[in-house]
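Number of protein chains: 2
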Amino acid sequence: MTKSYRVAILGATGAVGTELLELLEQRNFPVSDLKLLASERSVGRTLQFKGENLPIDSVSDRAFENVDLVLASAGSSTSKTWAAVAVEKGAVVVDNSSAFRMNPEIPLVVPEVNPQAAANHKGIIANPNCTTILMAVAVWPLHQVRPVQRIVASTYQSASGAGAKAMAEVKTQASAILEGRSPVAEVLPYPLAFNLFPHNSPLNDLGYCEEEMKMVNETQKIFGTQKIRITATCVRVPVLRAHSEAINLEFEEPFSSDEARVILSSSPGVKLVEDWGSNHFPMPIEATGRDEVLVGRIRQDISHPHGLELWLCGDQIRKGAALNAVQIAELLADKNLLRPATTYVSI
Amino acid sequence: MTKSYRVAILGATGAVGTELLELLEQRNFPVSDLKLLASERSVGRTLQFKGENLPIDSVSDRAFENVDLVLASAGSSTSKTWAAVAVEKGAVVVDNSSAFRMNPEIPLVVPEVNPQAAANHKGIIANPNCTTILMAVAVWPLHQVRPVQRIVASTYQSASGAGAKAMAEVKTQASAILEGRSPVAEVLPYPLAFNLFPHNSPLNDLGYCEEEMKMVNETQKIFGTQKIRITATCVRVPVLRAHSEAINLEFEEPFSSDEARVILSSSPGVKLVEDWGSNHFPMPIEATGRDEVLVGRIRQDISHPHGLELWLCGDQIRKGAALNAVQIAELLADKNLLRPATTYVSI
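Protein chains in written order, with this note's numbering: chain Z, 1 to 347; chain B, 1 to 347.
Hints are supplied without guarantee of correctness; some may be wrong.
[As the list claims (entries may be wrong)] One side only, chain B facing chain Z, incomplete, derived with CB under 7 Å:
hint	residue
1	194
2	207
3	230
[Said to hold, decoys possible] Every beta carbon over 12 Å from chain B, so not counted as near; a handful from chain Z, in silico:
hint	residue
4	22
5	27
6	49
7	240
If you're looking for bench data, these hints aren't it; they were derived computationally from the structure.
Note that beta-carbon positions come from the ideal geometry of N, C-alpha and C, so glycine has one too.
Only chain Z is shown next, with the shape it has when bound in the complex (with noise of 0.2 Å):
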């Protein structure tokens, strides 16, 4: 990559926009100017890059002129506000928000999964939702050897999937819980210290919550097939940092736990963490921070003749978001995609 790319963070002050940001800078992406935008009440303080004090501007129609590549955290309604206008700019947008996913037109990317889908993009490309990222990076590998007929997913997800008020809710609630007194919930439904509940989006007439439908929906887009069956029980547990998930599989055909477990040993974006000795699987703190989806526990199902069980855990700010989107522009950059689309997708 010789070129390099003027920059907008549309966000910029949200726990994915700083992972972002960060992000930017370790993966020595070739940034030539940056812009940090994000709402009104955050005009006037700066964020580091590269050493460099930056200045938050507010998001308008001239913040996106000579801008080649926007990476969108900021919510579906300010995606679907802008998007349109970055792309119009010439800009290449990657959302990060639910705002475009189904949108037949537009890509929704897992660089380890379709890359390909990156390459007909019309100004938009759209990251998938967490829960269903983490799940595609550990599942493809297995669906590319034995296609994978069914999924039972049940997930543990922290409070980092709410933002970072969720995350600061939850210690002040544990204090409180320590202290004697009762836990305030304010960003979240319910006090998750100590607690969880199952994840509090809108339910649909099925009474699937939006979390579950983003897995079933985004990951057969991302696979390019409606015959996977998902079904899935998305849970927020009291955790500030990376969700976990146990996924029940059924093949089509046997697929032994062996052949499994070496097939994801050297699997993109996955990390093997199995020590059956000392029962050392995945968790959530050493996920933190982490670019792999950490895969473990990898049984063959009792209970199931064609049937896998696995587990696993990955940053939901990392992989489950900031670290997928700039994969997705680091991808852009290699094909050489990040330029103004000439035909342009109806949102």
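Got chain Z sorted already, so can you dock chain B onto it with the hints?
Relative to the frame of chain Z, chain B by itself:
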């Protein structure tokens, strides 16, 4: 119940032991005499029962003389040492350990599911594992209407499952983390505060831990069928008390979620907690201290034509242990089964 009974609690100072004491009082079990037995280091302490301070004695052969009922909750090795002695002295033992659960001559009883199994006891009745009890109470009423073929369970198990010391350790760890210090793990193998990990019980050759195999084997025994195929992923989470479980059920034929809801709304030991409008379902903090297993989020499984998803929380120390044991004692008293065994079991 007009008769009253001479009762001994073995392991009276533990998390389950103190709950047994409380439940005998609360439920007004007909106690004529109560002995509190614990390890040597607790001798000299007292515990309250109906306003009276009762001394704690150490365990010995003589301690089981003139006792009708032993409620044992002092771990497998203690039960293996003392249950036969108690039975020989004429007591009936309701044992909360895993020592005798899979012995084919010993009934394994959840009173809402298989009370009839208690009738043929030979001096010892086993109380099932906590996660198993909670699942059995919720699944049995459905299984009665249409047989369950397969269960995929994922658990969210609180610190109470590892005893009072683990509960205290999680609090100490949380304090340390909130103050910026490193958490220390002594009772459990890894820090549990703001973290989670697969259940640390010993693993078998298939990679299933003991806790998971209890859910498999004990459920089959309690339900009286080997035909139900079960797989489980058991996980410890930083909740103080009350376990949660995500349960995926496959039936022989379609089972509507509406019908399941009607059935569970009037099933013994079950409390339906489902407010779809406010996204309110069972939570550990609401299950804590309650007798019922809270069940909700009953959904048609979109990945399987005969599938149902459900979510439950139950107090691990109460219905998951002490309450179930006291209910067995009540059942025995009610059926006039609290009498010296005439045939002995081989243990």
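Consistency of the hints with the structure:
Given hint, residue 194/B at the interface with chain Z, holds; its Cβ is 5 Å from that chain's nearest Cβ, closer than 7 Å. Checking residue 207/B against chain Z by beta carbon gives a least distance of about 4 Å; that is within 7 Å, so the hint holds. Interface restraint check for residue 230/B: the shortest CB-CB distance to chain Z comes to about 6 Å, inside 7 Å, so the restraint holds. Interface exclusion of residue 22/Z from chain B stands, the closest Cβ pair being 21 Å apart, more than 12 Å.
Interface exclusion of residue 27/Z from chain B stands, the closest Cβ pair being 27 Å apart, more than 12 Å. Every CB of chain B is more than 12 Å from the CB of residue 49/Z (nearest about 27 Å), matching its label as outside the interface. For residue 240/Z, the shortest C-beta to C-beta distance to chain B comes to about 5 Å, within the 12 Å cut-off, and the non-interface label is violated.
Hint 7 from the list above is the single one not met by this structure.
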